[in-house]
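Please work from the sequences and hints to get the whole structure.
Number of protein chains: 2
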Amino acid sequence: MSKQLSKDRLILVCNDDGIFSKGIQALADVAAEFGEVRVVAPDRQQSAVGHSITIMDPLRASPFKMASGLNGIAVNGTPADCVKLATDQLLDRKPDLILSGINHGSNAGINIIYSGTVSAATEGTILGFPSIAVSCMEFGEDADLSGCMEAARRAVSFVFKNGLPRGITLNVNAPGGPFKGIRWTKQGDSRYEDEYVLRKDPMNNPYYWITGRMEILDEGMEFDINVLNDGLASVTPIQYDLTAHKVFSTFSEMEI
Amino acid sequence: MSKQLSKDRLILVCNDDGIFSKGIQALADVAAEFGEVRVVAPDRQQSAVGHSITIMDPLRASPFKMASGLNGIAVNGTPADCVKLATDQLLDRKPDLILSGINHGSNAGINIIYSGTVSAATEGTILGFPSIAVSCMEFGEDADLSGCMEAARRAVSFVFKNGLPRGITLNVNAPGGPFKGIRWTKQGDSRYEDEYVLRKDPMNNPYYWITGRMEILDEGMEFDINVLNDGLASVTPIQYDLTAHKVFSTFSEMEI
Chain A
869 MSKQLSKDRL
879 ILVCNDDGIF
889 SKGIQALADV
899 AAEFGEVRVV
909 APDRQQSAVG
919 HSITIMDPLR
929 ASPFKMASGL
939 NGIAVNGTPA
949 DCVKLATDQL
959 LDRKPDLILS
969 GINHGSNAGI
979 NIIYSGTVSA
989 ATEGTILGFP
999 SIAVSCMEFG
1009 EDADLSGCME
1019 AARRAVSFVF
1029 KNGLPRGITL
1039 NVNAPGGPFK
1049 GIRWTKQGDS
1059 RYEDEYVLRK
1069 DPMNNPYYWI
1079 TGRMEILDEG
1089 MEFDINVLND
1099 GLASVTPIQY
1109 DLTAHKVFST
1119 FSEMEI
Chain B
869 MSKQLSKDRL
879 ILVCNDDGIF
889 SKGIQALADV
899 AAEFGEVRVV
909 APDRQQSAVG
919 HSITIMDPLR
929 ASPFKMASGL
939 NGIAVNGTPA
949 DCVKLATDQL
959 LDRKPDLILS
969 GINHGSNAGI
979 NIIYSGTVSA
989 ATEGTILGFP
999 SIAVSCMEFG
1009 EDADLSGCME
1019 AARRAVSFVF
1029 KNGLPRGITL
1039 NVNAPGGPFK
1049 GIRWTKQGDS
1059 RYEDEYVLRK
1069 DPMNNPYYWI
1079 TGRMEILDEG
1089 MEFDINVLND
1099 GLASVTPIQY
1109 DLTAHKVFST
1119 FSEMEI
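If you read the sequences in order, they're chains A and B. Residues are numbered in my numbering as their position in the first sequence, beginning at 1, plus a constant of 868. Residues are numbered in my numbering as their position in the second sequence, beginning at 1, plus a constant of 868.
No lab work stands behind these hints, which were simulated from the structure alone. It is possible that part of the hints are untrue.
Note: identical chains are not told apart, hence a pair may lie in one copy or across any two.
Claimed, not checked - Once the Cα atoms are required to be at most 25 Å apart in a straight line, the calculated DSS-like pairs of lysine-lysine come out as:
id, residue 1, residue 2
1, 1068, 890
2, 933, 1068
3, 890, 933
4, 1048, 1029
5, 962, 933
6, 962, 1029
7, 1029, 1114
8, 1048, 890
Right, here's the structure in full:
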């Protein structure tokens, strides 16, 4: 790619951990290697909000200085809100790419359904922009994101080289630590087996709090979680068409 | 189906409009024709929360008397929270079916991505229970839900007769008014074209508020929105596996 071209590219960076997180700064740094960067992200932690959007309340956009000195915009909404508002109102031109992450915590298997990180990228895809979600298996703010950054770099290069078919988003995950390779994967069926803990508050009223542990239900290296557990990064092409095409023709012959 | 059998069935009913809504009472009435009913639903309006779950806060469950006199349980969480908490803690046995709705407003085309109604049913499917989402095209609390109730009845009968393959949810929509027929459909690509209105608050600070209008992008009666606009009910089999299988084999041969 020529430097001339890359200077003209505009890349929108969003996340769900909040604009102040280490992960979004790392992803903005990767984005800067490919074009001009705009960061528009939630003003607070928004994990597990899924594809939530704000319709009953107004949204506000405030300037936010990133750790690198970059001027970002903080929005009091969800990741999907940020992408909608940025592309409709806050950017001076349409982005060539939307990146979401780097999330602190993986988004693989069933868990991508709950992910604000993935939903920001999916929202970008719905709006017609090539979009990539990037997540790191390590939760901590001190996680080594170098391998995730390289995985993101590979995915961004892939998209600028090949484009993405309409309706397709890339979901990238990587372990913490240095890059050891990346594989194309499918979304696995692994999930958190949730349990609720029943406790009493100081007024002796009961409340429930979710807890859970990851249950590995997939066999084979075509699945995201197994590739990650093997120390490699994964990239899964995902779609927002939820139609169960594999049963549609059978069902459509059955009486209802 | 024998009455003996139906008495043994337990049906969990949830929604996203809140436990006090007219739609959930109508769906509980349909459920009562097929088995014993438990209602566990959000204590407030939760539209457009998508597949959001509550992980950073405790959940509380409070008794709620339904309009019909049925004892329901109101939860201070999202639709997906309600399904998780009900099946893990609040029900005395596992449900044979989970119903979500009747939503006031359709969940067809792209919009199902944002839907709390659909996410409650999807959560049921993830947890291994046959699950159905039901939505009505009319928003008003005075909408005639009779056609939606019949569409729900057809879908419930279908599931109790045929079962549902693992990982498949039924997404049912119907116009307001009397039942005129039901068709198997695919999720269309139609969506709201969003725009944000920029206004000033009483302190002269700017804020944005989402607005939009439905954009019909699908041609053909295999798509949900077109069937609905033709006055019929639609039922779409959907899945939570987001892998874009149609591009996977091509992508997996390409360098990344």
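These are the hints, each one checked on the structure:
Taking the shortest Cα distances, residue 1068 and residue 890 never come within 25 Å of each other, neither inside one copy (35 Å) nor across copies (33 Å). For a Cα distance limit of 25 Å, the shortest separation of residue 933 from residue 1068 across copies, 24 Å, qualifies, whereas the shortest one inside one copy, 41 Å, does not. Taking identical chains as interchangeable, the C-alpha atoms of residue 890 and residue 933 lie at most 25 Å apart only when both belong to the same chain, with a minimum of 13 Å there against 47 Å between chains. Taking CA atoms no more than 25 Å apart as the test, residue 1048 paired with residue 1029 passes inside one copy only; the shortest distance there is 22 Å, against 50 Å between copies.
In this assembly of identical chains, the alpha carbons of residue 962 and residue 933 lie at most 25 Å apart only when taken from the same copy (22 Å versus 50 Å across copies). For a Cα distance limit of 25 Å, the shortest separation of residue 962 from residue 1029 inside one copy, 19 Å, qualifies, whereas the shortest one across copies, 50 Å, does not. Taking CA atoms no more than 25 Å apart as the test, residue 1029 paired with residue 1114 passes between copies only; the shortest distance there is 20 Å, against 31 Å inside one copy. In this assembly of identical chains, the alpha carbons of residue 1048 and residue 890 lie at most 25 Å apart only when taken from the same copy (22 Å versus 55 Å across copies).
Hint compliance for this structure: hint 1 alone is broken.
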